[in-house]
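Visitor: Line by line, the protein sequences are chains A and B. Position one of the first sequence corresponds to residue 1 (the UniProt record's numbering), numbered consecutively onward. Position one of the second sequence corresponds to residue 1 (the UniProt record's numbering), numbered consecutively onward.
Watch out, some of these pointers could steer you wrong.
[As the list claims (entries may be wrong)] In silico contact screen, one side only, chain B against chain A (beta carbon under 7 Å); selected entries: (1) HIS161; (2) SER189; (3) ILE190; (4) LEU193; (5) SER198; (6) ARG200; (7) VAL202; (8) MET205; (9) VAL208; (10) ARG211; (11) MET213; (12) ALA215; (13) ASP220; (14) PHE221; (15) PHE223; (16) GLN226.
Hints listed in this document are in silico derivations from the structure and should not be mistaken for laboratory results. Note that CB positions come from ideal geometry on N, CA and C, so glycine has one too.
Protein chains: 2
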Amino acid sequence: MRYAVLGTGVVGRTIAAKLASLGHEVAVGTRDPKATLARTEPDGMGNPPFSVWHGEHPGVRVEAFADAGAFGEAVVNTTAGLASLDALGAVGAQALDGKVLIDIANPLDFSRGMPPSLDPVNTDSLGERIQRAFPGARVVKTLNTMNTQVMVDPSRVPGAHNVFLSGDDEDAKKAVAALLVSFGWPRSSIVDLGDITSARGVEMMLPVWLRLMAALGHTDFNFHIQGA
Amino acid sequence: MRYAVLGTGVVGRTIAAKLASLGHEVAVGTRDPKATLARTEPDGMGNPPFSVWHGEHPGVRVEAFADAGAFGEAVVNTTAGLASLDALGAVGAQALDGKVLIDIANPLDFSRGMPPSLDPVNTDSLGERIQRAFPGARVVKTLNTMNTQVMVDPSRVPGAHNVFLSGDDEDAKKAVAALLVSFGWPRSSIVDLGDITSARGVEMMLPVWLRLMAALGHTDFNFHIQGA
């Protein structure tokens, strides 16, 4: 299958590499592919420049948002949450129409210092905003409640633990569940929380996740709903 | 030990009964004890009137907030989150000074319909507000991330699962951890998230908890941090 992965940060790279390793055709979408590939400095998070990663994954296309979106039969949003609507706008509603749109982003707002707050929050969510802005897309919120490495390799965390699905389109959720199984998630670990408004709940898990990371001193942990 | 349990709802009754069963002296605090005991109708949540519960727990005192607060060597806040600051104000800062104040409440705002939203949220929390309003109290946020029955009987949920602590006073957190162990929580299940600002994280777990309750159809579940 052909996937567009929007975003060139660690989440985008990790998801793109996993999809490629499973035999999918992948186009990473970015605002300006030439600029993305020309950077030689580590990014703001201290990660190596994208070109280094791309050198290790030469089969992955690097394209402008609109071209990547047109290429993908499904789209994965891994952009920074506060930039997601702009990035998806650059893809365009027409290119998203009818496609499964997997939203992994968290609307983290660093403008008020650390720890980040969420925007939107409480009575709205990024997942809902994306669904409202692109009503023809079949948005599924998932994977946003854990570290990137755990997303594509759940066995890094010992024992049973969960991944959540939120979305209005049942067939889209089924397709995403199948993709998660191909990532290594046991089917029993996938919890369908309901419609896209349940994205509020999973996005609001980020603050405790960040405190847990600080308390535990590592990121190889995940939420498990005991008694489910 | 002498405990004041503020609030006469299901959480207050359950915590008060558990404390009494462990041999503690307990005063339940309410605005108007005579009115509380005179009610003969079920409460807004469909629970039996308080007097029925009190008939089964005659050893528990029922007192005005100020009297209960003066009686308790430690105070447990189980009032509705949006009413907590008023209830604690009725207890009074002097009666809270130096005491451990266990805050179990969630700031659920039902005024905008269902599901409830949180107020405060994101950049503040009820736990922090209480600590700021009563700087002499030693506030520990805990137990707010699960159903009431699970709070006092963690074995209702099979397997390992967690209870969180947030607070600025290390000795107060140690005292609350010891109380949780007496409730049946294994010491290894208690996760210290850090200072009182981490109450934001645990209060923001409520929205996903409510969606999980709807998805699972029961309340005998709890969060477990796998890989901790």
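Visitor: Run every hint past the structure and note whether it holds.
Guide: Verification of the hints:
no.	hint	verdict
1	HIS161	holds, 4 Å
2	SER189	violated, 10 Å
3	ILE190	violated, 12 Å
4	LEU193	holds, 5 Å
5	SER198	holds, 5 Å
6	ARG200	holds, 5 Å
7	VAL202	holds, 6 Å
8	MET205	holds, 6 Å
9	VAL208	holds, 3 Å
10	ARG211	holds, 5 Å
11	MET213	violated, 11 Å
12	ALA215	holds, 6 Å
13	ASP220	holds, 5 Å
14	PHE221	holds, 4 Å
15	PHE223	holds, 6 Å
16	GLN226	holds, 4 Å
Comparing the model with each earlier hint shows violations of hints 2, 3, 11; every other hint is respected.
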